[in-house]
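A.B. asks: These protein sequences, in sequence, are chains A and B.
Numbers given in our numbering equal positions in the first sequence, counted from 1, plus 87.
Numbers given in our numbering equal positions in the second sequence, counted from 1, plus 15.
It is possible that some hints are incorrect.
Claimed, not checked - Simulated crosslink set (DSSO-like; lysine-lysine; CA at most 30 Å straight-line):
| id | chain 1 | residue 1 | chain 2 | residue 2 |
| --- | --- | --- | --- | --- |
| 1 | A | Lys206 | A | Lys224 |
| 2 | B | Lys340 | B | Lys18 |
| 3 | B | Lys18 | A | Lys250 |
| 4 | B | Lys340 | A | Lys206 |
| 5 | B | Lys18 | B | Lys408 |
| 6 | A | Lys165 | B | Lys18 |
| 7 | B | Lys408 | A | Lys206 |
| 8 | B | Lys228 | B | Lys187 |
| 9 | A | Lys165 | B | Lys408 |
As the list claims (entries may be wrong) - Label-pair distances were calculated between CB atoms; the ranges are:
| id | chain 1 | residue 1 | chain 2 | residue 2 | range |
| --- | --- | --- | --- | --- | --- |
| 10 | A | Asp227 | B | Met20 | 15 to 23 Å |
| 11 | B | Ile399 | A | Gly276 | 44 to 52 Å |
| 12 | A | Glu215 | B | Ile312 | 28 to 36 Å |
| 13 | A | Lys165 | B | Ile399 | 19 to 27 Å |
| 14 | B | Leu17 | A | Gly122 | 37 to 45 Å |
| 15 | A | Asp227 | B | Ile399 | 28 to 36 Å |
| 16 | A | Arg174 | B | Ile382 | 48 to 56 Å |
| 17 | B | Ile312 | A | Asp166 | 27 to 35 Å |
| 18 | B | Ala30 | A | Ala164 | 26 to 34 Å |
| 19 | A | Ser265 | B | Ile399 | 48 to 56 Å |
No lab work stands behind these hints: they were computed from the structure.
Even for Gly, the Cβ is constructed at its ideal location relative to N, Cα and C.
So you can see what is in the structure, the chains are spelled out below.
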Amino acid sequence: MADPVIRVAGLAKSYETAAGLFPALRGVDLAVYPGDYIAIMGPSGSGKSTFMNLLGCLDTPSAGDYFLAGENVAHMAKDALAVLRNRTLGFVFQGFNLLPRMTLQDNVALPLVYAGIGKETRRAAARELLDKVGLGKYADSLPNRISGGQQQRVAIARALVNKPQLILADEPTGNLDSHTSDEIMRLFGELNAEGITIVLVTHEPDIAAHAKRQVRFLDGEIVSDQLTAVVPGGEAC
Amino acid sequence: MLKAMLGEAWLAMGANRLRTALTMLGMVIGVGAVVIMMAIGQGAQYAVQQTISTMGSNLYIVLSGSFTTAGVRSGSAGAPTLNVADAEAMSELDGVINVAPTHQGTRQLVYGSQNWSSQIIGTTPAYLEARAWSIVDGAAFGDSDVRSATRVAVIGKTVAENLFGDEDPVGKTMRIQQNPFMVIGVLGSKGQNLDGRDQDDTVIIPLTTAQRKVFGTPFLGSVRMIMVQADSAESMPKVEAGITALLRQRHRLREGMPDDFFMRNLSAAAESEAATTRTMSILLGAIASISLLVGGIGIMNIMLVSVTERTREIGIRMAIGARQKDILTQFLLEAVMISFAGCLLGLLLGLAIALGINFATGMVIVISGSAALVAFAVAATVGIFFGWYPARKAARLDPIEALRYQ
Ligand SMILES: Nc1ncnc2c1ncn2[C@@H]1O[C@H](COP(=O)(O)OP(=O)(O)OP(=O)(O)O)[C@@H](O)[C@H]1O
Ligand SMILES: [Mg+2]
Chain A
88 MADPVIRVAG
98 LAKSYETAAG
108 LFPALRGVDL
118 AVYPGDYIAI
128 MGPSGSGKST
138 FMNLLGCLDT
148 PSAGDYFLAG
158 ENVAHMAKDA
168 LAVLRNRTLG
178 FVFQGFNLLP
188 RMTLQDNVAL
198 PLVYAGIGKE
208 TRRAAARELL
218 DKVGLGKYAD
228 SLPNRISGGQ
238 QQRVAIARAL
248 VNKPQLILAD
258 EPTGNLDSHT
268 SDEIMRLFGE
278 LNAEGITIVL
288 VTHEPDIAAH
298 AKRQVRFLDG
308 EIVSDQLTAV
318 VPGGEAC
Chain B
16 MLKAMLGEAW
26 LAMGANRLRT
36 ALTMLGMVIG
46 VGAVVIMMAI
56 GQGAQYAVQQ
66 TISTMGSNLY
76 IVLSGSFTTA
86 GVRSGSAGAP
96 TLNVADAEAM
106 SELDGVINVA
116 PTHQGTRQLV
126 YGSQNWSSQI
136 IGTTPAYLEA
146 RAWSIVDGAA
156 FGDSDVRSAT
166 RVAVIGKTVA
176 ENLFGDEDPV
186 GKTMRIQQNP
196 FMVIGVLGSK
206 GQNLDGRDQD
216 DTVIIPLTTA
226 QRKVFGTPFL
236 GSVRMIMVQA
246 DSAESMPKVE
256 AGITALLRQR
266 HRLREGMPDD
276 FFMRNLSAAA
286 ESEAATTRTM
296 SILLGAIASI
306 SLLVGGIGIM
316 NIMLVSVTER
326 TREIGIRMAI
336 GARQKDILTQ
346 FLLEAVMISF
356 AGCLLGLLLG
366 LAIALGINFA
376 TGMVIVISGS
386 AALVAFAVAA
396 TVGIFFGWYP
406 ARKAARLDPI
416 EALRYQ
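The whole structure should be built from the sequences, with the hints applied where relevant.
C.D. replies: Set out below in structure tokens:
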């Protein structure tokens, strides 16, 4: 098997609270390989978002190691993490998180601005990805002109624009109805078929069923890690 | 990258036009005030400097004792305490280069059907030298004219214009107190003196002629005023001491008796006037700078609000790869752009008002290129200084907290 895109070992995160240190993650081991499509599930408060924030280099772990593309990023400086987020990772959020004053095209192109890429290249790349998610004709519209499902497609295009090694999505369908959710999941499926690695968090088993692999969290630990194809329908909680 | 960021700063400014405009207004008023105050202050300094340069340098006037308190033009109760011999003795003193006894008063001038009232100065040729007063047409009178009390006159530009109109005054004869005087020269223009009097409204004639034919003083040879010029600013104290000692000795004043004359350092008076305008100019600038400061605080205030409002945006930008310095640059750029735009408008407004003041009141204003440069440097500094704290606050936000912000 190829080298993993992500390997975490003994990853732990504790938050300081009024009642003392609260361990949100207590030693997680996981490897994500190129072409993987993982759904992370688990009850509320089990540490899924905490884990995704660490994978996304938005936060640093209290203990453990995190190898991203072979490099240990557990203790990197803030700006170095920003560069990783820009070049290696793509984010899709529950709330879409497009910038409201920018056209869709500019939204999609924004990561390229921070990568220092020239205007023409940015424009071309953004157009291409908007076409790919089927929204090329709205390139010059503002985000509030299109529906939630369409906004999430734009957000996916933005996540893809820097050709990342990995897409991270924390409840990407959480704000969408079931029909639109299916559309988004079909898009993720197509992207994964093209070889893009995806890790997403969801509460819904039928959404998780789109993924190839399902990882279940409970109280800050991984309690199961199974291939969807081998165990269709997954396990009951 | 910078171009893209400038575009974004522009968008951000346009997103809330009224707020941006009001923030800018603070800068507009601040810079406008600085420009107006500098124009007025520098104008005043320029006017004083101009006047001082027409006065002549290193000058004393020695006034006869009966005039230490009364006005120069009022009639004298007794004989003046100074005389021409005093003046001659003074010119022997070390460091003295010109001594001019003068007798002046206002008289009516008549030429043909025209008449004009003007200041008449009876003096010696040294007066013109001491005051560095040039002749632009014709010639000055000489010492021989003073000795033989000839009826010749050199006249100022104002007199020439009002009495002779378009005619060339040189060689023409005008009358002062029924006496015919031949105009032999026209003086170069000097404009107003420090008291605001028109120095070109002057007729200069030989002292002897003035005393005999014009003023008719019973005390021939006595004068009310002597102008003395020292060879340099450094020798002025020495000259003052020398004159005091000389006059006390010549007037036989014993120890303990007060001086019967009064010395006034014209150059020092001018210098203090110049210093006053300088101080005024600095004060005006300082007051105006306060409004600039207030404008800057306005920018800081709005930038802080903007950072809070856009916390989520900052989080998104960080998530997709903005480094701290990218966020810092973005917000600094916005502050500097508001500051610059405000500065530009303020500059135009200030110039317009300064020109308006000049047009309406005739007050001298000076608009220098360096003032504009200073204004721009100040705008950039204010933008960076007051934009720094909010921008740094934005750059230091925690991405997760920022993304969670509603
Ligand atoms: N910044 C924080 N400070 C303190 N405690 C936190 C913080 N963030 C998360 N926690 C706690 O850590 C635990 C895990 O939170 P996390 O957001 O990872 O859960 P989750 O699995 O994503 O839940 P959900 O399904 O509701 O999104 C929770 O008990 C939460 O209260
Ligand atoms: Mg969560």
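A.B. asks: If a hint holds in the structure, say so; if it does not, say that too.
C.D. replies: Hint check results:
1. The straight-line distance between the Cα atoms of A:Lys206 and A:Lys224 is roughly 20 Å, inside the 30 Å bound, and the hint therefore holds.
2. Proximity of B:Lys340 to B:Lys18 is assessed by CA-CA distance (about 15 Å); at most 30 Å being required, the pair is judged to hold.
3. Restraint check for B:Lys18 and A:Lys250: the C-alpha separation of about 24 Å stays at or below 30 Å, so the hint holds.
4. Straight-line distance between C-alpha atoms of B:Lys340 and A:Lys206 comes to about 20 Å, which keeps the hinted pair within the 30 Å bound.
5. Our distance criterion of 30 Å between C-alpha atoms is met by B:Lys18 and B:Lys408, whose separation comes to about 23 Å.
6. Restraint check: the Cα-Cα separation between A:Lys165 and B:Lys18 comes to about 25 Å, which is no more than 30 Å; the hinted pair holds.
7. Distance restraint check for B:Lys408 and A:Lys206: the Cα-Cα separation of roughly 29 Å lies within the 30 Å cut-off, and the hinted pair is therefore satisfied.
8. The straight-line distance between the Cα atoms of B:Lys228 and B:Lys187 is roughly 19 Å, inside the 30 Å bound, and the hint therefore holds.
9. For the hint linking A:Lys165 to B:Lys408, the alpha-carbon distance of about 15 Å falls within 30 Å, and the restraint holds.
10. Taking the beta carbon of each, A:Asp227 and B:Met20 are about 21 Å apart, inside 15 to 23 Å as hinted.
11. Distance hint check for B:Ile399 and A:Gly276: the Cβ-Cβ separation is about 50 Å, which falls inside the suggested range of 44 to 52 Å.
12. In this structure the supplied range 28 to 36 Å is violated for A:Glu215 paired with B:Ile312, their Cβ-Cβ distance being about 47 Å.
13. Roughly 23 Å separates the CB atoms of A:Lys165 and B:Ile399, a value that falls within the hinted 19 to 27 Å.
14. The hinted window of 37 to 45 Å between B:Leu17 and A:Gly122 holds, with their beta carbons roughly 38 Å apart.
15. Judged by the Cβ atoms, the range 28 to 36 Å given for A:Asp227 and B:Ile399 holds: they are separated by roughly 34 Å.
16. The hinted range of 48 to 56 Å is satisfied by A:Arg174 and B:Ile382, whose Cβ atoms lie roughly 53 Å apart.
17. Checked against the given bound of 27 to 35 Å, the beta carbons of B:Ile312 and A:Asp166, roughly 31 Å apart, stay inside it.
18. The supplied range of 26 to 34 Å is met by B:Ala30 and A:Ala164, whose beta-carbon atoms lie about 32 Å from each other.
19. A hinted range of 48 to 56 Å holds for the C-beta pair A:Ser265 and B:Ile399, which are about 52 Å apart.
When the structure is compared with the earlier hints, a violation turns up for hint 12 alone.
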